[in-house]
Amino acid sequence: MQSKGRAIFHVDMNSFYASVEMAFDPSLRGKPLAICGNPAERKGIVVTSSYEARKKGVRTTMPLWEARRLCPDLLVMRPNFDRYRKASSEMFKLLQEVTPIIQPVSIDEGYMDVTDCSHLGSTLEIAQTLQERILKELDLPCSIGIAPNKFLAKMASDMKKPLGITVLRKRDISSILWPLPIEEMYGVGAKTAEKMRTLGIQTIGELAHKDKYQLKRIFGVNGERLANRANGIDDRPVDPEAVHSFKSIGSSQTLPHDTTDDKELDKLLSQLSKSVEKRMQRKEAIAKGIQLMIRYHDRKTITRSMKLQHFLESADEVFQHAQTLLQKHWNGEPIRLLGVSVFDVAEKKEVGKQLDLFTYEKEAEKEGLYKAIDDLTSKFGKNPFRRVQASTSDEVRTSFQKDFLDDYKK
Amino acid sequence: MSNWTEMSAVQPVVSKMLINSLKRDRISHAYIFQGARGTGKAELSRLYAKSIFCKNRTGAEPCNDCKDCRRIDSGNHPDLHWIIPDGASIKNEQILKLQKEFSYTGMESERKVYVMENADKMTANASNRLLKFLEEPGAYTTAILLTENSQALLQTIQSRCQILALQPLQEGQFAELLNSEGISQSSARLLSQLTNNYEEAMEISGQEWFAKARKLVVQLVEVLETRPNEALLFVHSQWMPVMKDREMQQLALHLLLLWFKDIIYLYADRPDSVIYIQEKDRLENSLRHWTRQRATDCLQSIMEAKRQLDQNVHPALVMEKLTLQMQR
Amino acid sequence: MKFVIQRDRLLASIQDVMKAISSRTAIPILTGMKIEAKEDGITLTGSDSDISIESFIPKEEDGIVYVEQIEPGSIVLQAKYFPEIVRKVPMNAVEIESDGQLNVTIRSGSAEFKLNGQDADEYPQLPKLHSEDSFELPADLFKNVIKETVFAVSTQETRPLLTGVNVRVQDDQLHFVATDSHRLASRQIPISAAFDFQNVVIPGKSLTELNKILDENQDPVEIRITNNQILFRTKHLYFLSRLLEGNYPDTSRLIPNESKTVLQIDTKELLRSIDRASLLAKENRNNVVKLVTQESGKLEISSNSPEVGRVVEEMSVEEISGEELRISFSAKYMMDALKVIESEQVKIEFTGAMRPFLIRPTDDEDLLQLITPVRTY
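As you go down the protein sequences, you meet chains V, P and A in turn. Under UniProt numbering, read the first sequence as residues 1 to 410, first letter to last. Under UniProt numbering, read the second sequence as residues 1 to 328, first letter to last. Under UniProt numbering, read the third sequence as residues 1 to 377, first letter to last.
Possibly wrong hints are sitting among the right ones.
Listed next, the in silico DSS-like pairs over lysine-lysine satisfying Cα-Cα at most 25 Å (straight line) [said to hold, decoys possible]: (1) P:Lys-67 - A:Lys-128; (2) V:Lys-263 - P:Lys-132; (3) P:Lys-121 - V:Lys-267; (4) A:Lys-205 - P:Lys-100; (5) V:Lys-307 - P:Lys-91; (6) V:Lys-307 - A:Lys-332; (7) V:Lys-31 - V:Lys-55; (8) V:Lys-212 - V:Lys-191; (9) A:Lys-205 - P:Lys-97; (10) P:Lys-100 - A:Lys-19; (11) A:Lys-290 - V:Lys-288; (12) A:Lys-298 - V:Lys-191; (13) A:Lys-290 - V:Lys-348; (14) P:Lys-100 - V:Lys-307; (15) V:Lys-307 - P:Lys-97.
Quick partial rundown of chain P residues pointing at chain V, CB under 10 Å, derived from the structure [to be verified]: (16) Gly-87; (17) Ala-88; (18) Ser-89; (19) Lys-91; (20) Glu-93; (21) Ile-95; (22) Thr-123; (23) Ala-124; (24) Asn-125; (25) Ala-126; (26) Ser-127.
Rather than coming from a laboratory, the hints here were simulated on the basis of the structure. A virtual CB, placed ideally from N, CA and C, is assigned to each residue, including glycine.
Kindly produce the complete structure, drawing on both the sequences and the hints.
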């Protein structure tokens, strides 16, 4: 595989929201600043804070009153998400100038594959230039981790903040990575760390040397994956399309001949909807938006979309809305191709299903089962019954940030 | 036709059924009025709606004078909804509006009537929405679907409606009707051949162009019979300048067609069917000039010319070709 | 028809009536405003066919003369121009006159406008409501009832009946119920009525419009119902709405009559706590919050957004009893319900994580909110 000799960056913006505010209003610089949900409210919570505030013990999601107690001269601001989106887009544009192989993972971090960028200098020089440009042109600090794979790059970027550049080579793993306590490992949450400790795993090194079969038995494939990573093994490529794979899910098909026949079009829509449903199921996803593409006989193509109040899940629902879009926007000319896709996609587990007053009893019958799953979930961390298929895929995150991971390309 | 007496003369069967439904107070939830263009589907619906809403009805006859009747004529009746295809099809938006109307009570009373013209132009989606209503109609709601071909409607819709087939208009009846409206007998006969639609017939008869076209047809035949070499010149200098658009060309060719049809009628010894009754002498001349076979050939050439006009062939070319064919 | 009228009084009426007029209507005459002059005053009417508003200007009221020189008659004027003209006339006295040929002249000071009118006979005849089924409510109470229920109607046209509020009178109780099939709001008011009726469904939109027009005062609103329209009458205003046709689902069976976990809690505290928990959730697409009872007798309210973080908050409650509970629900539905409750404390009754729960003010048995939870995957 391509795991040999790769050079991967993980670029991580430092205290991003607070830094953007400071770039916007330089008088804030060097002061303890917290971005807070609703500062007027007595019980607002801290969304993020500057390093100056962190030094005093202010932490994300801490109630504001507590933050103020720890840091009496704390400056508090409401979040300006538009501002952050814009800064993020500018930042990714700078990354783009180095290489097109970048994979945004959230508003303020992303991976780059600079293996083939030797014409720009050594990897360390490229990182230094990039960090300087982001600081100079955008007035924003970042940390960069350099490593042969994504996992190590991510661990490396975390080691020196703010404005750090850390190189983590495979040969450094035993001296740098292994001594770290297990909960500092990326991918190990509080619950998993706790469980690992009960197995006698205190550090990343101990995880690296633990019996893989035992880990697999207890943590499933995730256990095996974590053990591999602890040994510095991570094959995942930097995938610029990773964002798209979750952003929208769709299917399209050309008709055997141009047609204006309602029935034929409905039949195709129904097939496409079923295919979209299958893809959604595979990703354990549901979606809140639907888009229809119509290509006419003369290759003129239109796409029309709508946002829905509730999440779509079944082929029936997809079909129903796709049909509405077709009826509304089709100009009556012969159609060559139809495409149906859903967007505004979210992971099922993140959303839940709104029950219906008139039909909830159907679901309520299974209440016992869900409660059992719930209990097991709180005992073992992630829902142990989730299909393995989905959990092997890349660590996919969906949130408001996801929508504009792509914006820098515009 | 604003009363059932007149309507019964033209559409006796359907009128009788609808009159009975009114007298017995058994108005259906859904009708399909099926009939060729010009058979009076819209007029029938309007009349039926008046009888349903009119509070001064005598038997089945609406008074045509009350607020309800007058507003049905002016399009302001709030509980009569008239849907006409917006362009090529009945749009989803129109159906959504209709669906909303279905879910609301009437404005002045519980009575509501919906008339949908060219109901076969509903999309599949629109049909399904309509079907939903037909499955659970409101107590005092009547839908009337107008179509030239009820088979073009969903089977499930057909089966939920009472289908009333309007008779094709009898030419004689129609000509008489036109004649009774002050159009000369000869014009009425011609017009009844050109259209089944009363308004259209009245409109054509009023046009100066129509009289000219009739004269030109007779002249063209005469030129072809007596000076065939001048026929092309006649077409270019006399015929073309008057026939300004395709529609006129079509109608004029139809008039020409009727002339040759008359020749055939005379050969077939059916003088009663002759249309150009006022041109008896000239027809006699023609009969001497054209053999039955030649007249039939000309009929075919004219029909071919009409087809070509429909296919957007240039009218001048069509006429030239036709003239050459008829010269032979 | 002819009369001379005080401009300001006329304008006020025009403004009320204009609320019902829409330029997008299938019935041409409804783009106009009907003006009717009778001996005792002037009536303006506007309608979009769904709702109709009539405003009456008395000839004289409390010793003030509003209309003079009345010659009875009626006309329909284009609503596009008439209000603008009245707004811009130079003097406070406006004379409006129509001849027999539907020509209308509007005079004020030295200005004169000529408008083409339309025959008032073309205008819809609003039902004469002589029905016995009427009752009265003070305007402010009625506004409150609208506020407490109308937010819960469905905005989706798939089940048209649910876009309306169901009104019933039964055993001297007036019931208002609205549901979008995910949550339900119900208010009952004791009234003395000598009749019962079922299954009147008023479009939610009509009630929202009505709420805008009614003043916040104790004046009575008279409510009358016929087969096809409902009338709300205040002193000088008639507000009519068409109804939704069909049988409203029986909602009484949806209201649970047993409970497994019961909470009593401060309304505002809970509202604020849900608001905070939903703060991060809102940025995400997911607006679901989770409520868990603690062994300590407190509540944990939380929401989780993978990117932004997790909000957890402990809340003390006034009273808690019954089984332990872990339930997720839409923050929006919860907040909508709590916002219309004025009492200091609410009682929430749960019957399990997958079943609808009841929210009631502690001091008012007549208001009830029902919310179905979210099943987390």
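For each hint, the structure was consulted:
For the hint linking Lys-67 (chain P) to Lys-128 (chain A), the alpha-carbon distance of about 16 Å falls within 25 Å, and the restraint holds. Of the pairs offered as hints, the one joining Lys-263 (chain V) and Lys-132 (chain P) holds, with about 18 Å between alpha carbons and a cut-off of 25 Å not exceeded. Between Lys-121 (chain P) and Lys-267 (chain V) the alpha-carbon distance is near 20 Å, which keeps this suggested pair within the 25 Å criterion. Proposed proximity of Lys-205 (chain A) and Lys-100 (chain P) is supported: the alpha carbons are some 13 Å apart, at most 25 Å.
Our distance criterion of 25 Å between C-alpha atoms is met by Lys-307 (chain V) and Lys-91 (chain P), whose separation comes to about 22 Å. A hinted pair counts as satisfied when its Cα atoms are at most 25 Å apart, and Lys-307 (chain V) with Lys-332 (chain A) qualifies at roughly 18 Å. For the suggested pair Lys-31 (chain V) and Lys-55 (chain V), the alpha carbons sit about 11 Å apart, so the restraint of at most 25 Å is met. Taken as a hint, the Lys-212 (chain V) and Lys-191 (chain V) pair is honoured in the structure, with Cα atoms around 19 Å apart against an allowance of 25 Å.
Restraint check for Lys-205 (chain A) and Lys-97 (chain P): the C-alpha separation of about 16 Å stays at or below 25 Å, so the hint holds. Between Lys-100 (chain P) and Lys-19 (chain A) the alpha-carbon distance is near 20 Å, which keeps this suggested pair within the 25 Å criterion. Taking the CA atoms of Lys-290 (chain A) and Lys-288 (chain V), the gap is about 21 Å. The hint holds against a cut of 25 Å. Between Lys-298 (chain A) and Lys-191 (chain V), the direct Cα distance comes to roughly 23 Å. Compliance with the 25 Å bound is thereby established for this hinted pair.
Under the criterion of a C-alpha separation no larger than 25 Å, the hint pairing Lys-290 (chain A) with Lys-348 (chain V) is consistent with the structure, at around 16 Å. For the proposed pair Lys-100 (chain P) and Lys-307 (chain V), the alpha carbon gap of about 22 Å is at most 25 Å, so the pair holds. Between Lys-307 (chain V) and Lys-97 (chain P) the CA atoms are separated by roughly 21 Å; this keeps the pair inside 25 Å, and the hint holds. Because the beta carbon of Gly-87 (chain P) sits about 7 Å from the nearest beta carbon in chain V, less than 10 Å, this interface hint is met.
Proximity of Ala-88 (chain P) to chain V holds as hinted, the smallest CB-CB distance being about 5 Å (cut-off 10 Å). The closest approach between the C-beta of Ser-89 (chain P) and any C-beta of chain V is roughly 6 Å, which is under the 10 Å cut-off, so the hint is satisfied. With a least beta-carbon distance of about 8 Å to chain V, the hint placing Lys-91 (chain P) at the interface is held under the 10 Å criterion. Checking Glu-93 (chain P) against chain V by beta carbon gives a least distance of about 8 Å; that is within 10 Å, so the hint holds.
Here the hint on Ile-95 (chain P) is kept, as its CB sits about 9 Å from the closest CB of chain V, short of 10 Å. Interface restraint check for Thr-123 (chain P): the shortest CB-CB distance to chain V comes to about 6 Å, inside 10 Å, so the restraint holds. Taking 10 Å as the C-beta contact cut-off toward chain V, the hint placing Ala-124 (chain P) at the interface holds, the least distance being around 4 Å. The criterion of a C-beta within 10 Å of any C-beta in chain V is met by Asn-125 (chain P), whose closest approach is roughly 4 Å, and the hint holds.
Hint status for Ala-126 (chain P): holds, given a least beta-carbon distance of 7 Å to chain V, under 10 Å. For Ser-127 (chain P), the interface hint holds, the least distance from its beta-carbon to any beta-carbon of chain V being 9 Å, beneath 10 Å.
Of the numbered hints stated above, none is contradicted by the structure.
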